[in-house]
Amino acid sequence: MKKVNPFLTAFFILGAYSITTQVLLIRELLVIFFGNELCLGIIFTAWLFPIFFGAVLGGKVVNRVSKTLPVFILLQHILIILPIIQIIFIRSLRLFLSTPPGEYIAFFPMVGSIFLVLFPFSFFIGFIFPFAVSSYTETQKTPAQRVSAVYIYEALGSTLGGTALTFYLISHYYPVVIIAFFIFLILANHLFLIPKISEKFLRYFVFGVWGIASLIFVTLSYSNLWKQIELITILKRWQSISPQIEFIESVNSPYQNLAIGKRIDQYSIYGNGQILTSFPDPHQSALKAHFILCEHPHPDKVLLIGGGISGIIKEILKHPVKTLHYVELDSTLIKIAEKYLPDEDKKSWHHPRVKIFVSDGRYYIKKCSEQYDLIILNLPDPSTAMLNRFYTLNFFKEIAKVLKPDGLLVTNLTSSENFVGEEIGQYAASVYHSLASVFPHILVTPGENLYFFASPSSQIITSDTDVLAARFVNRKIVTPYFSPYHFQLFLLPERVAFINKAIKNIHLPYSNTDERPISYFYNLILWDRFTGKEGKGIFSILSKIPPHGYFSPLIFLILFGFLYLVRNKNTPSQIVFSSLYSIFAAGFAAMGIEIILLFSYQNHFGYLYQKIGIIVALFMGGLALGAQMLSQMLKRPRYHWQKFLLGTEIAITVFSLSLPFLLSLIFQWDKFGGITEAFFMAIVLSAGVLTGAEFPLVNEILIQHGVPLGRSAGKVDGWDHLGAAGGGALT
918 MKKVNPFLTA FFILGAYSIT TQVLLIRELL VIFFGNELCL GIIFTAWLFP
968 IFFGAVLGGK VVNRVSKTLP VFILLQHILI ILPIIQIIFI RSLRLFLSTP
1018 PGEYIAFFPM VGSIFLVLFP FSFFIGFIFP FAVSSYTETQ KTPAQRVSAV
1068 YIYEALGSTL GGTALTFYLI SHYYPVVIIA FFIFLILANH LFLIPKISEK
1118 FLRYFVFGVW GIASLIFVTL SYSNLWKQIE LITILKRWQS ISPQIEFIES
1168 VNSPYQNLAI GKRIDQYSIY GNGQILTSFP DPHQSALKAH FILCEHPHPD
1218 KVLLIGGGIS GIIKEILKHP VKTLHYVELD STLIKIAEKY LPDEDKKSWH
1268 HPRVKIFVSD GRYYIKKCSE QYDLIILNLP DPSTAMLNRF YTLNFFKEIA
1318 KVLKPDGLLV TNLTSSENFV GEEIGQYAAS VYHSLASVFP HILVTPGENL
1368 YFFASPSSQI ITSDTDVLAA RFVNRKIVTP YFSPYHFQLF LLPERVAFIN
1418 KAIKNIHLPY SNTDERPISY FYNLILWDRF TGKEGKGIFS ILSKIPPHGY
1468 FSPLIFLILF GFLYLVRNKN TPSQIVFSSL YSIFAAGFAA MGIEIILLFS
1518 YQNHFGYLYQ KIGIIVALFM GGLALGAQML SQMLKRPRYH WQKFLLGTEI
1568 AITVFSLSLP FLLSLIFQWD KFGGITEAFF MAIVLSAGVL TGAEFPLVNE
1618 ILIQHGVPLG RSAGKVDGWD HLGAAGGGAL T
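Counting with the numbering used here, you get residues 918 to 1648 for the letters of the sequence shown.
One thing to keep in mind: the hints can contain errors.
Claimed, not checked - Here are the simulated distance ranges between beta carbons: (1) K984 <-> P1026: 42 to 48 Å; (2) Q1491 <-> A1317: 54 to 60 Å; (3) L1108 <-> K1256: 30 to 36 Å; (4) P1112 <-> I1133: 43 to 49 Å; (5) K1272 <-> F1098: 37 to 43 Å; (6) T1331 <-> T1570: 42 to 48 Å; (7) F1109 <-> P1026: 42 to 48 Å; (8) S1333 <-> P1017: 42 to 48 Å.
Said to hold, decoys possible - Here are the simulated lysine-lysine pairs, DSS-like style, with alpha carbons at most 25 Å apart: (9) K1113 <-> K1144; (10) K1314 <-> K1418; (11) K1144 <-> K1284; (12) K1318 <-> K1218; (13) K1179 <-> K1264; (14) K1264 <-> K1235; (15) K1239 <-> K1218; (16) K1144 <-> K1239; (17) K1393 <-> K1263.
Hints were generated in silico from the structure; no laboratory data involved.
Glycine included, each C-beta is placed from N, C-alpha and C at the ideal position.
Given only the sequences and the hints, what does the whole structure look like? Please build it.
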């Protein structure tokens, strides 16, 4: 039986630990930034840039160190300390920035804090890579194959770590427990490295640290102190989000962090730091339900997507509804709410006319075979790319297929009472014109919430308050929170006419679509304006840049590379630079492709978080597979590797250019069901294979041209991550 190599095990665990830490820190940052996906691009950039600096610096330092194994082990001890400190700091970040409860953190403080938080761990992840390569002294392998082995096992560890975290760990354990588990694995593996350590003191140090860590781990596990540590840090975060509300509990679902608090007799649930709903809230539930339901003369079959916890289901059932389907993405949200809901609301959830579906709303619509009289999108504003999917032209077309010919669609946006300002007008118009492209009849009602009523029929929507009041009276609805008089308050004729004319006359260059999410962008402009200082915000400035302006960085990079090659033609430095530039371009393309694939999957198949986890795992697995394939080919010295590298670059270019065509082609195969998804996953795997193939190839070329092993590993790893950072930022 072949012995397990402790070095390869160390690289594998390090890869799993790195991806786990990255995901956990992203989730923590999303909570304090209220789930705003804008910070994801910044997070990826802030994660990858320090890896570049660390890898390049590590490549320079490693050749000056006579014994690299002790440094490799000591660097791992630094890495195991940092994540818990980072989590504590993140949970207190809003307090440090003095951000008022409920307010978004402004753009530039957000960018600065993300870089500050992520820099230490990312830097040392990059710095340790050349030392990992230099410590791995398996003599039967060539230097390039040793670099490839480290890369492959790290990628495999990332694949398994990301999958385990997504499917199991995140929903069963606290973040500090997950990190502690990986710390224990790293230290346990050090015991198998002891025979490789020549320094007596270091051997005792490794054994002693493992013993102390084991004692702490067991003590915390049996004394339930993990929960206390988690609670203390969560309370710090809660103080910055909603200090006036009593904290009750916090749980992590596969989709978000959920926290619940209580003030007097009302509970509030927060998702990723932002309030989702409050209950019981009979007043608001009654206003919304009766105003919407009376717009349809016979709402027999109703679909409610989101927002069913506040009490709206109970109010909807007061109308002559025969069937109510309620779709909610997060089953954990339903479970945590049901623990605290009033008995009357619980009964409404289990009413014979009600059926609850745990699903992504858009995925439900895509697969739905039902026909509805009324569809209510009771969702937050398009403040994230995920939420924007429910306000696009693409989605409205899908809804039209499940809406009866005399059906009614209702959605809403947060606005202002008097509807002033260019930004709010563009924001509202982006949704209005997307609806108007599908539904010929639309009514917008004024107020702090703009309600959009859309129908294919001219006989459904009305602003006649007498008609609406008569429907309410005829349905014999008994409630102290709504009366026929409310229709006169909501539908003042002059205000209704003004708001509809104003929005209709705002002309925008594009509709809000999956491919061009302009409603999300206008929401970011509003966020930037409300959180920043006087004057134009960063997103207002970006909105003025023409589409071709975003290609300027690419043009600059191409010109820079061309000029360098002209000045250093046919020299060893030119070959080294060309190879590093290739791995930079591969990293740039890989990150851009991965982000495009993630958003494409989300837009087409729905927000299936676990499937997105598989996409990332498949991509990482593709990196390992591509690197392994090229490592085997490196055993054949007859190849001209520079020409082979050029061929790989051409293949990546062709793949990138054909990606839109490939995606549009397979997305037309919905009738084939799972085959469509299988082809999509094959594209993901192929992208990873093409990218991973370059890593051992470039290392071989650099080593052949006199670059020392450690420095070569640092340069290649660094330039790969620098390209990925650039690709993530631009995409």
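Hint-by-hint comparison with the structure:
The beta-carbon spacing between K984 and P1026, approximately 43 Å, falls within the hinted interval of 42 to 48 Å. In this structure, Q1491 and A1317 meet the distance hint of 54 to 60 Å, their C-beta atoms being roughly 58 Å apart. Restraint check, L1108 to K1256: a C-beta distance of roughly 44 Å breaks the suggested window 30 to 36 Å. Between P1112 and I1133 the beta carbon distance is about 26 Å. The supplied range of 43 to 49 Å is therefore violated.
Between K1272 and F1098, the C-beta spacing of about 40 Å keeps the proposed range 37 to 43 Å intact. The hinted window of 42 to 48 Å between T1331 and T1570 holds, with their beta carbons roughly 44 Å apart. Checked against the hint of 42 to 48 Å, the pair F1109 and P1026 passes, with Cβ atoms roughly 45 Å apart. In this structure, S1333 and P1017 break the distance hint of 42 to 48 Å, their C-beta atoms being roughly 20 Å apart.
Our distance criterion of 25 Å between C-alpha atoms is broken by K1113 and K1144, whose separation comes to about 38 Å. Annotation: proposed proximity of K1314 to K1418 holds, straight-line Cα distance about 24 Å (limit 25 Å). Between K1144 and K1284 the alpha-carbon distance is near 41 Å, which puts this suggested pair outside the 25 Å criterion. Restraint check for K1318 and K1218: the C-alpha separation of about 15 Å stays at or below 25 Å, so the hint holds.
Our distance criterion of 25 Å between C-alpha atoms is met by K1179 and K1264, whose separation comes to about 22 Å. Note on K1264 and K1235: the hinted pairing holds, with a Cα-Cα distance of about 13 Å set against a maximum of 25 Å. At roughly 6 Å between alpha-carbon atoms, K1239 and K1218 fall within 25 Å of each other, so this suggested pair holds. Proposed proximity of K1144 and K1239 is contradicted: the alpha carbons are some 46 Å apart, above 25 Å.
Restraint check: the Cα-Cα separation between K1393 and K1263 comes to about 23 Å, which is no more than 25 Å; the hinted pair holds.
Violated hints for the displayed structure, listed by number in ascending order: 3, 4, 8, 9, 11 and 16.
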